[in-house]
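A.B. asks: Residues per chain are reported as follows:
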Amino acid sequence: AQSVAQPEDQVNVAEGNPLTVKCTYSVSGNPYLFWYVQYPNRGLQFLLKYITGDNLVKGSYGFEAEFNKSQTSFHLKKPSALVSDSALYFCAVRDPQLDQLIWGAGTKLIIKP
Amino acid sequence: DSGVTQTPKHLITATGQRVTLRCSPRSGDLSVYWYQQSLDQGLQFLIQYYNGEERAKGNILERFSAQQFPDLHSELNLSSLELGDSALYFCASSVGERWGDQQFFGPGTRLTVL
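Protein sequences, first through last, are from chains A and B.
When we follow the numbering used here, the leftmost residue of the first sequence carries the number 138, and every step to the right adds one.
When we follow the numbering used here, the leftmost residue of the second sequence carries the number 8, and every step to the right adds one.
The set of hints was computed from the structure by calculation and includes no laboratory data.
Hints are not guaranteed to be accurate.
[Unchecked claim] Simulated crosslink set (DSSO-like; lysine-lysine; CA at most 27 Å straight-line):
| no. | chain 1 | residue 1 | chain 2 | residue 2 |
| --- | --- | --- | --- | --- |
| 1 | A | Lys214 | B | Lys64 |
| 2 | A | Lys195 | A | Lys245 |
| 3 | B | Lys64 | A | Lys249 |
| 4 | A | Lys249 | A | Lys206 |
| 5 | B | Lys16 | B | Lys64 |
| 6 | A | Lys195 | A | Lys206 |
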């Protein structure tokens, strides 16, 4: 079965430090991978996606993600965290059989000043 | 602002009741998706409509139904409500019917069932 895992419920990072939010997936065929962010009391916002091409994908707000086929991972990264990056981050993978997105449980990112 | 609107923002009702949530997609978007977000279940895909037709079904209960109208707005009907239906309900829209498209989410409707 297709699945996506975000192994960390919460990630704490000091402002100015690099951040990584982890995502691993299991899907047959070539994966479509997505990251979305949810700020408090708001809907989800698209950050970036990988469908094909370069393994390093650049997205909104200075975020990027690296697709690693051998490790079946799609970790979200940012070189220097901002307090305003504090939010809930969701990884998602397209299930090619159902043609639907399978969503991770979300990772709460807390950036401390 | 994503361009997706949802009404109402908040809804408080009693068990056994029926409610209707409304969503207007971004201008030009033909697909509408409904999601339920709760603390214990996380984000669950319910159903997708594309240009008025049901396109994909997720974990939608039989007590729930949806439709997309000719003007492309969509409604999610929840009936025989239970305490466990209390959640945030999101609508999202995208240009096409395929799941490779970016989805634009509305602000959500918070449903509280007492």
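A.B. asks: Each of the hints needs a verdict: does it hold here or not?
C.D. replies: Evaluated hints:
1. Lys214(A) x Lys64(B): violated (32 Å)
2. Lys195(A) x Lys245(A): The hint holds at about 21 Å.
3. Lys64(B) x Lys249(A): Given that 27 Å is the threshold and the Cα spacing comes to 40 Å, the pair is violated.
4. Lys249(A) x Lys206(A): Status violated; Cα separation ~32 Å.
5. Lys16(B) x Lys64(B): holds (24 Å)
6. Lys195(A) x Lys206(A): holds (17 Å)
When each numbered hint is compared with the structure, violations occur for hints 1, 3 and 4.
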